[in-house]
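Trainee: Assembling the complex is the task here: the two chains are given apart, and the hints tell you how they should meet.
Chains as they are written, first to last, in the numbering used here: chain U, 14 to 480; chain Z, 4 to 530.
Hints may contain errors.
Listing some non-contacts, in silico: residues in chain Z with all C-beta distances to chain U over 10 Å [unchecked claim]:
#	residue
1	Trp5
2	Ala97
3	Pro100
4	Val242
5	Asp332
6	Arg365
7	Val399
8	Ser412
9	Asp465
10	Leu511
Just a few of them, taken from the derived set where beta-carbon distance is under 8 Å, the chain U residues facing chain Z [to be verified]:
#	residue
11	Leu244
12	Pro340
13	Arg480
FYI, nobody ran anything at the bench for these hints, they're computed from the structure. We put the beta carbon where it would ideally sit given N, CA and C, even for glycine.
Below, each chain spelled out in residue letters.
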Amino acid sequence: VTLEWFGSPELLGFVAPWRYALAALALLWAAAVARAPRLAAVLAGVLYAIAAGGFWAKSLARPYGLLEEAGATRRAAEVSVAAATGSARESFVVGEAATSRVFLALLELGLAPDTLKLLPSALPVLCLGAVGLIVFALWSRREAALTGASLWLAFATSDLEAARGLGVLPGAWSHPESALLLPALVGFALLLARLPGRLGAPAAALVGLLALGLRGAGPPLGWDAVLLLTLDQMPWFLLAALAARHVSDPASRGLLAGGGLVVALGSIGDAWLGQALFRLGLLLTVATASAEPLRRIGERATIAWPRLAGPAPERLGLALVLCTFVPSAFATWWDPPRTDPVARASQEPISPALGPVMSFIREQTPPDAVFLASPDYAPAVSVFGGRRVLRAPSVLVTADDGRRVRMEGAILAGRPPGDGPRVGFVLLAPGDFKARGIGRPEDLDGRPGFRARYADAAGYRVYEVVR
Amino acid sequence: LWLLLSLRVKRPGFLLAGVLLAIAWLWGATHWPLQSLYGLLTSSDRVGNLALVQVVAAGNSPLRTAQAGQLHFEPFWGLLVATLSGFDPDRVLAIYPFLPLLACLGFALTLFFGLRAAGFSPWERVLVAAFATLLSSAPFEYAGTYRVPWAMTFLLKPNHALGFVLLPLLLGAFARIEGWRGRLGVGLLLHLLGWVFVIHMAFAATGLVIFAAWSYWARREERRRDVLDALSVIGVNAVVVSPYVAMILVGYPFLYASPRAMIPPFSAHLLEATVKQGAIFWLGLWGLRVLARRGDRLSRAFVSQVAAGYVIWASVLLLSALQMARERDEIYYWVRFLTAAAAGIGAWDLASRFASSVAPLRRCAAVLALAIPWSLPYWWDPLVMDSYVPGSLSPVPDRLRLPTDFIRSQIDPKAIVAGDRDYARYVAALGARRVSLADHFHAAPRYKDRVRLEEELVRGGDASASLELARELGVSYLVVTPRLLSSTGEALRRAELDARPFLERVFLWEGPERDFVAVYRIGARRP
Numbered sequence: 014v015t016l017e018w019f020g021s022p023e024l025l026g027f028v029a030p031w032r033y034a035l036a037a038l039a040l041l042w043a044a045a046v047a048r049a050p051r052l053a054a055v056l057a058g059v060l061y062a063i064a065a066g067g068f069w070a071k072s073l074a075r076p077y078g079l080l081e082e083a084g085a086t087r088r089a090a091e092v093s094v095a096a097a098t099g100s101a102r103e104s105f106v107v108g109e110a111a112t113s114r115v116f117l118a119l120l121e122l123g124l125a126p127d128t129l130k131l132l133p134s135a136l137p138v139l140c141l142g143a144v145g146l147i148v149f150a151l152w153s154r155r156e157a158a159l160t161g162a163s164l165w166l167a168f169a170t171s172d173l174e175a176a177r178g179l180g181v182l183p184g185a186w187s188h189p190e191s192a193l194l195l196p197a198l199v200g201f202a203l204l205l206a207r208l209p210g211r212l213g214a215p216a217a218a219l220v221g222l223l224a225l226g227l228r229g230a231g232p233p234l235g236w237d238a239v240l241l242l243t244l245d246q247m248p249w250f251l252l253a254a255l256a257a258r259h260v261s262d263p264a265s266r267g268l269l270a271g272g273g274l275v276v277a278l279g280s281i282g283d284a285w286l287g288q289a290l291f292r293l294g295l296l297l298t299v300a301t302a303s304a305e306p307l308r309r310i311g312e313r314a315t316i317a318w319p320r321l322a323g324p325a326p327e328r329l330g331l332a333l334v335l336c337t338f339v340p341s342a343f344a345t346w347w348d349p350p351r352t353d354p355v356a357r358a359s360q361e362p363i364s365p366a367l368g369p370v371m372s373f374i375r376e377q378t379p380p381d382a383v384f385l386a387s388p389d390y391a392p393a394v395s396v397f398g399g400r401r402v403l404r405a406p407s408v409l410v411t412a413d414d415g416r417r418v419r420m421e422g423a424i425l426a427g428r429p430p431g432d433g434p435r436v437g438f439v440l441l442a443p444g445d446f447k448a449r450g451i452g453r454p455e456d457l458d459g460r461p462g463f464r465a466r467y468a469d470a471a472g473y474r475v476y477e478v479v480r
Numbered sequence: 004l005w006l007l008l009s010l011r012v013k014r015p016g017f018l019l020a021g022v023l024l025a026i027a028w029l030w031g032a033t034h035w036p037l038q039s040l041y042g043l044l045t046s047s048d049r050v051g052n053l054a055l056v057q058v059v060a061a062g063n064s065p066l067r068t069a070q071a072g073q074l075h076f077e078p079f080w081g082l083l084v085a086t087l088s089g090f091d092p093d094r095v096l097a098i099y100p101f102l103p104l105l106a107c108l109g110f111a112l113t114l115f116f117g118l119r120a121a122g123f124s125p126w127e128r129v130l131v132a133a134f135a136t137l138l139s140s141a142p143f144e145y146a147g148t149y150r151v152p153w154a155m156t157f158l159l160k161p162n163h164a165l166g167f168v169l170l171p172l173l174l175g176a177f178a179r180i181e182g183w184r185g186r187l188g189v190g191l192l193l194h195l196l197g198w199v200f201v202i203h204m205a206f207a208a209t210g211l212v213i214f215a216a217w218s219y220w221a222r223r224e225e226r227r228r229d230v231l232d233a234l235s236v237i238g239v240n241a242v243v244v245s246p247y248v249a250m251i252l253v254g255y256p257f258l259y260a261s262p263r264a265m266i267p268p269f270s271a272h273l274l275e276a277t278v279k280q281g282a283i284f285w286l287g288l289w290g291l292r293v294l295a296r297r298g299d300r301l302s303r304a305f306v307s308q309v310a311a312g313y314v315i316w317a318s319v320l321l322l323s324a325l326q327m328a329r330e331r332d333e334i335y336y337w338v339r340f341l342t343a344a345a346a347g348i349g350a351w352d353l354a355s356r357f358a359s360s361v362a363p364l365r366r367c368a369a370v371l372a373l374a375i376p377w378s379l380p381y382w383w384d385p386l387v388m389d390s391y392v393p394g395s396l397s398p399v400p401d402r403l404r405l406p407t408d409f410i411r412s413q414i415d416p417k418a419i420v421a422g423d424r425d426y427a428r429y430v431a432a433l434g435a436r437r438v439s440l441a442d443h444f445h446a447a448p449r450y451k452d453r454v455r456l457e458e459e460l461v462r463g464g465d466a467s468a469s470l471e472l473a474r475e476l477g478v479s480y481l482v483v484t485p486r487l488l489s490s491t492g493e494a495l496r497r498a499e500l501d502a503r504p505f506l507e508r509v510f511l512w513e514g515p516e517r518d519f520v521a522v523y524r525i526g527a528r529r530p
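Just chain Z, same shape as in the assembly (with noise of 0.2 Å):
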């Protein structure tokens, strides 16, 4: 109906509208039948990402995690989304289920606007935005090695997302860059993408290195240009983001082997990337092969980046070979992506080829009514395609709402919370407080200190011991559940902890079959 009406309409911005509405109609989709935050009782990804994101918003900084003193990797998204919120804990669970919206939406808008040049006409920008964002998946992909892109990138990880949203930009402005002011501003840039999800900035300023290689060795004549241009701009870069790249060297040691880090052995890697897209991956190297011949700089910017992600897909085989390929659905997904935009211009181009006596409109029209069937919107069942979906049906338990409520509302934003490790995840992700360890982070630092605490804590033994090693690691608050108490191996009890004199029992919630939250405050009781 809305491809009917754009006939009369007739402007690329209506079709546009009706890509940004089937976005919005997959996400209510997905997101009408939920009773709880999409996969927060059943992704450790969302919650570890609501627990960054929390923890800023209760007046934290931004540049360390949930887990107290830990440096945080990508610290632009919990800056934004707790300056969305107005530095509100309470908001952030209102508006984080509209942030994927926002994220998908958005990369369909700067695809379009972004990718402003001579070359790009705006009917093809449109099937660029309405390719990239709902035929870069396939129905059957959900039970694939890397599961449904769309669903992965932007429902799950909208932190992820808001790289591709910058993408766009990135290249709009590099193909822009006049002098030195535009290789400063394009390389702070790149920058900010490295701040917003930095193995996007990695690939990008991959892309940048093959765009200058290609133009060089293809003796173009502006290619001491382009160098120059790829080079400051990653120059730039790298000079801004040092000290963030450093940091996270330090924090977050990625260079060890690890068996978990190789391609699973049911993956046949080569093929995923490649043939298995089907059609969009024959459409997207047409694209490809477009825009080369286009040859204007952001044509060649596009495609060198799509080919940054196909290099980086096949080194991964060497990666694993080390037992050091993490992050693989990372670049699947960039793959996948940038692919289906590519697919969008070799659609158009084949079809001004077919027919090229008919009307853009209609050309685009056509096009865009013969991709319905494999687009998201015809086939996506989240019930079944999305495993977050079932989980989430549910509002979220009494056991997990009720004791974060009254962290989030009762105790200081800057305390650091001690106790079970799991439980913790949630305490940082609904109860907005930082916490000594969680499960599923990143080791944090003096590690061993902070097991001692929590034993300390938990068994007992010298008071004021334990008191100057919370003091140390500034822990005011232990969350106690059956499971951290079964974790000692001993036979302990609640009421022990009640009688402990430096322990202040503050909340506690009860439920079926003896289980317990507890909160105590640490320290000496109060009279």
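Here chain U stands alone, though its shape is the one from the complex (with noise of 0.2 Å):
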């Protein structure tokens, strides 16, 4: 994995005029729902999640949360590390399990490592995008697809569910893992319903209740749950429950039933993914229903204003209600550098004074070294130069830290353990171990059990441990 990040921090510059554009955006896909051809208007609606979503995701000066965040930084690392060592097990610190699965996964499904550093920055585009396009291509209601697709792209996350966590926009970046199962489990899910008889729901549940495999971060419980599938998915439950009484979808009902069931059980799973299929659920069922009172809208708008005549009367009622509530959704107005401190924290670059030393660590060390660094740089070790550390508690505290420290001081007073991992080099940086005696990073030159083999104008220093 390498420094190099397609990210622009001053498209920050340009917020004003990219909200326009979307306004804009919104306005030219409600004419598309209105006069083209249905693909088209999918398409155009999957423009404008890609640009509420993107513009975020470009504007980021580094992947979100790397060296930021805990969870992201161990993600990125255990990939860096698996792909450098060939070994997906063991995490990118020594001795500890790799718990990033499903990346681990796709990395040994062949994805470049560097693509995966891009991928979770990309999530909140592919979370909208890719699921709307699936509802398209696969809901068996034909009739509505556009409708629920529509619905999903401009609706599926709103300030409510937002402001308790789990919002899917701003959600799917803190939720990596779930916001890449996602399009795969709705995907699932929309074709197991199409098993005929009275098995489509229960199989489509049984798809969304894969979603209890996956942990996420502080999962809503009791009463948060229950406001969260109710009162939080205003307006959209009540107008699917009227929905409910005159049309019946296994798709939905099954979405609806196993992102509950996922949110209702709470630390067993991750409330984020199960909310996200709930909403869908919800907005899929208001979708089978909303024929009619489209219908109505548009004939009424017709009414009112001739000139709006020609397209049929329920795609003019969808085209108004988008071009009516799209430019205030949530995907409109987000704001991530506000509302999320890591989002914020991202816009920062990440220092290309660390390129050279991790491209000497990458290049000129064996792949299975395992190096000591400070908190501050182990995981930059492990992200940019793809080898193992000893310790990196601001990421990942083990359970034998205190071994571990013990460890460290005796590597770095030259006198290495015989026991626990086998420590090959050590990175100082000017600043690093000052409470145990380094004064600078040069320091160590000449010591007994140190050979220098990398130093740099910023500072850096690579030592061999010889034992």
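Mentor: Printed below as a string of structure tokens:
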């Protein structure tokens, strides 16, 4: 994994014109829904979704949370180390088990580490766009597929559940494994819901329950779960309740049941994923019964403004709903730097001074080498150098951290212990390990037990531990 | 539960009481954990606001700010709070936290009672009060350009909120004008709004102009009366309030360009006060359409006020291009509160259309029940959504409390205090004494002389000249902190000031890390 990154933080200077552009895109989308072929209409919605999420992904100066948030850093470090060493079972901290199962599985499937570094930052776009397309393509209710996809693309996230920390769009960054699985789960659920007889809904619900296999951050429990599944879902909860009196759709029922159970079961699964499935279930339920109300809206609008005549009333009704409410939708006004501290921290680029020393580590040290580095730099050694480290307490505190601290002291004192992980290299940066009597990185030059391997003008030093 | 109970009590007043309880709950939930006055330690607005009131409560003129000699553009608030406290600064500190509650309750009540007219049902007015107070803010507004309207208006600036309290009364009175006595009375009421908050007076007057123009261009039968009423009210107001406006122009020259008086580059201005409001905006537009069709004077006056808000909001674009778009937040809040009130009317109309067979009580309760998820009490999380709350969780530190307790209780209420300009804000806000200069205030008259006096008192020099200048400016005390000493650029120590023949130390607080606050009386030492 390299320091290269596609982000352009200077985009933040264009937030205001971009919001106008998003509002204009919403109107274009509505126009496409009214007059263009169905595929073009849904693609216009996907374009809106890509713009809404893509702007903020592109404005990051580093991959979301990298070296700022423990989860994101651990994931990138485990992928990088696994790619360099070929061993995906062990975490980036030597002797610990890896936990980033989904991303490590993708690595084993052949995705490049740099792609996997990029992927989590792009997940808000994926969650909105891909799920919208999947609904459009796979939902058995063909007559309502455009409406269902459009409702998801426009209203997958709203203020209330987002304020609770479980909005689809903002949460996709902090729940990357779940966000990656969401399109797949939705696709499976929609396909299984086509099963004949009464099997469709339970099968779709079972797919939803796969979310129980994932652990999310801070799942809601008790009263929060009740509010999340009811009042937070307004107005969709109410509209879906009204719609359910008239129509029944196995996919919607399955998603509602599966997603609702995941949320209700709290700490067992990822509530973000459960909420996303539940919201999709509500939106699809509303879509199944929307034809008649949308037709009425379209007809009344044509009577009031005859110039609107032409498109099918149902399509015109949907277009009017979109052009009225999408400019005020959560996606249009999402502002991660002001609402998400991790996103704000990710507006700061990673120091390019790290580049040469990380290249050295990656290219000039054995892949299975274990590094000792300060808590500030240990995660970077794994993420950009692809090497395991003895300790990285800012990301992962091991059960035997006390022992590792003692090992660290012994190694820096030139007396590497005979047992435990075999640390081969030490990375020192200016200011590191002052409490252990190291004033400057070059202090280890010439000390017995160390061989200088790398030095640069930025002050970084790499020493090989000589036994 | 309250809504269910209302189905048994069957009175609009009972539902209104529920709205008032919700407001009280919001206020309580925000204030309960606070250990110091909301925003006192973090908001210059709040400190300045309290300072303005305290010096009046100590017996000084409400026409002057906490900076001695400076004219004040919101004199009514200082006088009102000082009167409520019985002109006792200690009591001001005790009652101040309750004023936001009173202002918000007052807004709901005046909307309910002030909009009484033939076309407005009491159930509709309950919704107007509920929507304006509880649905005028949105969950992520704390991260927006202008922050949460409810908190920024009622909690932070209850003096501005008082303008909102008066507006429905003004509109109701305007709608009922009959003859010159009424015009004079409403003109005086508008002028009172000016004393409360002159910017609201300007907005309201613009609304009356739009009211007259609309009536004229629509060729309404009563257009002559409408134009006469509007112009008379504005005229009476202009005559009565003109000395005050002149005073403001003198005291607060605001017609100069400044890059700070521009729309921030991250703000999509035209969308901020319109579609960003979401369903409330569309409901509000619908409500305005309903009112416009209703056609009575009160309805048209209300529509005109909202229209004035949007016209002024749009004109901010032009003002921003001229670098003169000041107080943008005030027009934003004006638009938000009035649009939300109109949304209450729109919601009532839609409910009546779609459920005409349902009794009004049930209709009203159903709308309120549907609105719960978007109402402030449902989503308000003060620790996350109000940046002033975390900063108010700790008590006022001794460094501020002890010296200002001394100043408030021991020195002459008419005394003027010079010294550390940051600390001076608290000398006024907590010590209730006027100051020579304070940070975050507009420049006071004789600014350069005041700065010179500060420098001469601290650096020493010609004692008689310093005393003469202090006497001229009326300054009799000096507050010294390490910040003030370091600001001179010289290595001054407190002991050097103690040795000055014209400074007598009357109070000293010493804290950790060589921090201190010393209060000196200026003049020849007492034997």
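Trainee: It remains to establish, for every hint, whether it holds in the given structure.
Mentor: Against the structure, the hints come out as follows:
1. Trp5: The claim holds: Trp5 of chain Z sits with its nearest Cβ about 16 Å from chain U, beyond 10 Å.
2. Ala97: 34 Å, holds
3. Pro100: 26 Å, holds
4. Val242: 42 Å, holds
5. Asp332: 16 Å, holds
6. Arg365: Holds, because the least Cβ-Cβ distance between Arg365 of chain Z and chain U comes to about 16 Å, which exceeds 10 Å.
7. Val399: Nearest chain U Cβ is 28 Å from Val399 of chain Z, so the label holds.
8. Ser412: Label holds. Min Cβ-Cβ 44 Å, cutoff 10 Å.
9. Asp465: 51 Å, holds
10. Leu511: Correct as stated: the minimum Cβ-Cβ distance to chain U is 39 Å, above 10 Å.
11. Leu244: Status holds, d = 4 Å.
12. Pro340: This interface hint holds because 4 Å falls under the 8 Å limit.
13. Arg480: Constraint on Arg480 of chain U not satisfied, violated at 48 Å.
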